[in-house]
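These protein sequences, in sequence, are chains U and X. Going by this note's numbering, the residue at position 240 of the first sequence is 286; the numbering climbs one at a time, nothing skipped. Going by this note's numbering, the residue at position 211 of the second sequence is 311; the numbering climbs one at a time, nothing skipped.
The set of hints was computed from the structure by calculation and includes no laboratory data. One thing to keep in mind: the hints can contain errors.
[Stated by the list, open to error] One side only, chain U facing chain X, incomplete, derived with CB under 10 Å: (1) M209; (2) G336; (3) P379; (4) Y403.
[As the list claims (entries may be wrong)] One-sided and incomplete, this derived list gives chain X residues near chain U with beta-carbon spacing under 8 Å: (5) L175; (6) L176; (7) V189; (8) F198; (9) A204; (10) F205; (11) K208; (12) V330; (13) A364; (14) S384; (15) A387; (16) M390; (17) H403.
All C-beta atoms, glycine included, are put in the ideal place defined by N, C-alpha and C.
Residues per chain are reported as follows:
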Amino acid sequence: MWPNRGIAWQVMRISLEPRVAPSRAMRWASPLVAVALTMLLGVVLFAALGKDPLAGLHAFFIAPIDSVNGVAELLIKASPLTIIAIGLAVGFRGNVWNIGAEGQLVVGAIAAGWVALQPALAESALTLPAMIVAGALGGMAWAAIPAWLRTRFNANEILVSLMLTYVAQLLLNYLVFGPWRDPQGFNAPQSPLFPEAAMLPILIEGTRLNASVLLTLTAVAVGWVFLSRSFPGYQTRVSGLSGAAARYAGFSERRTVWVGMLAGGAAAGLAGVGEAAGTLGQLLPSLSPGYGFIAIIVAFVGRLHPVGILFAGLLMSLLYLGGDSAQISMGLPAAAAALFQGALLFFLLGTDVLVNYRVRVRRSATTASAQGAA
Amino acid sequence: MDAITPVVIATLGAGTPLIYAALGELVTEKAGVLNLGVEGMMLVGAIVAFILVLTTGSTTVGVAGAAVAGALMALLFAFVTLTLQANQVAAGLALAIFGTGASAFIGKGYIGVALERATPAGFTLPIDIPLVGPLLQALHPLVYLSWLVFAGVSWFLARSRVGLALRAVGESPGSAHAVGYPVIRIRYLATLFGGAMAGIGGAYLSVVYAPLWLEGMVAGRGWIALALVVFATWRPARVMLGAYLFGGITIIQFFAQGAGVGVASQFMSMLPYLATIVVLILISRDATRMRLNAPVSLGKPFHPSS
Numbered sequence: 047m048w049p050n051r052g053i054a055w056q057v058m059r060i061s062l063e064p065r066v067a068p069s070r071a072m073r074w075a076s077p078l079v080a081v082a083l084t085m086l087l088g089v090v091l092f093a094a095l096g097k098d099p100l101a102g103l104h105a106f107f108i109a110p111i112d113s114v115n116g117v118a119e120l121l122i123k124a125s126p127l128t129i130i131a132i133g134l135a136v137g138f139r140g141n142v143w144n145i146g147a148e149g150q151l152v153v154g155a156i157a158a159g160w161v162a163l164q165p166a167l168a169e170s171a172l173t174l175p176a177m178i179v180a181g182a183l184g185g186m187a188w189a190a191i192p193a194w195l196r197t198r199f200n201a202n203e204i205l206v207s208l209m210l211t212y213v214a215q216l217l218l219n220y221l222v223f224g225p226w227r228d229p230q231g232f233n234a235p236q237s238p239l240f241p242e243a244a245m246l247p248i249l250i251e252g253t254r255l256n257a258s259v260l261l262t263l264t265a266v267a268v269g270w271v272f273l274s275r276s277f278p279g280y281q282t283r284v285s286g287l288s289g290a291a292a293r294y295a296g297f298s299e300r301r302t303v304w305v306g307m308l309a310g311g312a313a314a315g316l317a318g319v320g321e322a323a324g325t326l327g328q329l330l331p332s333l334s335p336g337y338g339f340i341a342i343i344v345a346f347v348g349r350l351h352p353v354g355i356l357f358a359g360l361l362m363s364l365l366y367l368g369g370d371s372a373q374i375s376m377g378l379p380a381a382a383a384a385l386f387q388g389a390l391l392f393f394l395l396g397t398d399v400l401v402n403y404r405v406r407v408r409r410s411a412t413t414a415s416a417q418g419a420a
Numbered sequence: 101m102d103a104i105t106p107v108v109i110a111t112l113g114a115g116t117p118l119i120y121a122a123l124g125e126l127v128t129e130k131a132g133v134l135n136l137g138v139e140g141m142m143l144v145g146a147i148v149a150f151i152l153v154l155t156t157g158s159t160t161v162g163v164a165g166a167a168v169a170g171a172l173m174a175l176l177f178a179f180v181t182l183t184l185q186a187n188q189v190a191a192g193l194a195l196a197i198f199g200t201g202a203s204a205f206i207g208k209g210y211i212g213v214a215l216e217r218a219t220p221a222g223f224t225l226p227i228d229i230p231l232v233g234p235l236l237q238a239l240h241p242l243v244y245l246s247w248l249v250f251a252g253v254s255w256f257l258a259r260s261r262v263g264l265a266l267r268a269v270g271e272s273p274g275s276a277h278a279v280g281y282p283v284i285r286i287r288y289l290a291t292l293f294g295g296a297m298a299g300i301g302g303a304y305l306s307v308v309y310a311p312l313w314l315e316g317m318v319a320g321r322g323w324i325a326l327a328l329v330v331f332a333t334w335r336p337a338r339v340m341l342g343a344y345l346f347g348g349i350t351i352i353q354f355f356a357q358g359a360g361v362g363v364a365s366q367f368m369s370m371l372p373y374l375a376t377i378v379v380l381i382l383i384s385r386d387a388t389r390m391r392l393n394a395p396v397s398l399g400k401p402f403h404p405s406s
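Here chain U stands alone, though its shape is the one from the complex:
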């Protein structure tokens, strides 16, 4: 027989035994173990590439944030990751898998950009609030498509929301290459710069830190109240833990889907506003460096909890900055950041086994030899 659980060695056998109840301590320890393993991977990778591992870790985790400007950049990148991840967490808790946040971010930015580029609104104090509303609605509208197709036609929301991401990106390309192209932009694919009234105010002079972080902090608070203290949040959680129990209690599955998708869409749309009206001030084809996808990792590493997500967002933002910093100081490919971000989620999922299972190491030469090489 195949050793169904565990790895057989000559004299030792490691096996997993289900815990009676999930371990609370491990629930919060496993992200830390995963971070440690990711750093270990970094050390190995740096060494394999012939770089000094300590210098690599320094370039990745210390150098980016050793100045006020560095911390500001950390917050700028953590902001969209955190807000999207909180929105996604609402759905993920209810087993609603919206993985099209990247597309919802793009549509949110397009909607906000449309408002910003209206000549009538160039001087108005209402421009910015209108952009924020438009962005959230744009993201929600894009997320409503998979929600509707799931509830009405049973179509898989993972695939639909992802397909719509490609469609949204192509729509943005069409706009900035075509009708919305800046006439003074020397033919570059970009929209005109937004007027001053359509820009989020800078919070710290001399840095790029803008008011989008306030939107995110608000979302953390709202997310916490919704997920931990509200009845719909409770219904979502029950649906995720046990669909049968939720149905028995009379909780609507459709509503879980709608709430989960729209929360993710609104959050992603707001992140799009933050990018367009905060750091960029215009629409570009490369609006987001994959925030919508990396936010999925942030949501899981943050344990689908708003406070955990805040920390996970900061960590993932640091990996982005570390990738840039290591590229400049050590000549590492920028994609190293994406590599570490993906690896972190893998390590987390792997170490999560400790939440529900206990590791047992037994010495049993006979079983090992009988079971042969695994």
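Mind docking chain X on chain U? Use the hints.
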């Protein structure tokens, strides 16, 4: 050459990477494992094959290397989900993101390098048949291999003893375990097969179809392959049909541009993605039929002691 032949050749070419990826995923899912990381496995297969072909000059080595690389990626997924019991949806997303990052990392120095366009080995028939003759000559061996894989997978699932065991594991792992089938081992092997096929699909893109390396060049084909398996209601013959349908939709844009159709290229490029959504709607709306066709244990972890 007549007017139809190039269209047929292009359709078969565009459909081929989808066939590999979707047939591999079909076998994986038949064993009850949902691996959403196809896109990541295809990307890693694409870059590994590209580098190997560039350095060794041998397409065979490149394709074999891509299969191994894809299988290694799948092994990572299998270890986390089958041995460590992680959530398959989350692990699949992780694999997709990780594969995107890893392929970009490996391929950094290869952007913009072009391979020599492979001359199709093709067959020359002793007699000249219109359409079929030039067609057979123009197709790449990997297209023929995809037909072999199709035949093999169909036979394996429907006629072989091991295939029966694999389907039993996907339908009811508890019963399969009770009668002595090695559930976890079968799931491991099915997942590895899926990874190897996705790797070959990626290799086809970077070595034959493009032939060059671009970051994210798989461009959603891994996800479309996942949709194809649903569209095919887990039947290999329908995977073939669906893959060529999508191949046809993919190439419409090139022929439309050639014909001077006045629609922005971006909208033409949306077609495969929109078609995927339409197909998912059409096939999924009948919930009963979906339930009857989907492997019952799909995506659910199995632990013998519970």
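**Study point:** Hints breached by this structure
**Key:** The structure conflicts with hint 5 only, although it agrees with all the remaining ones.
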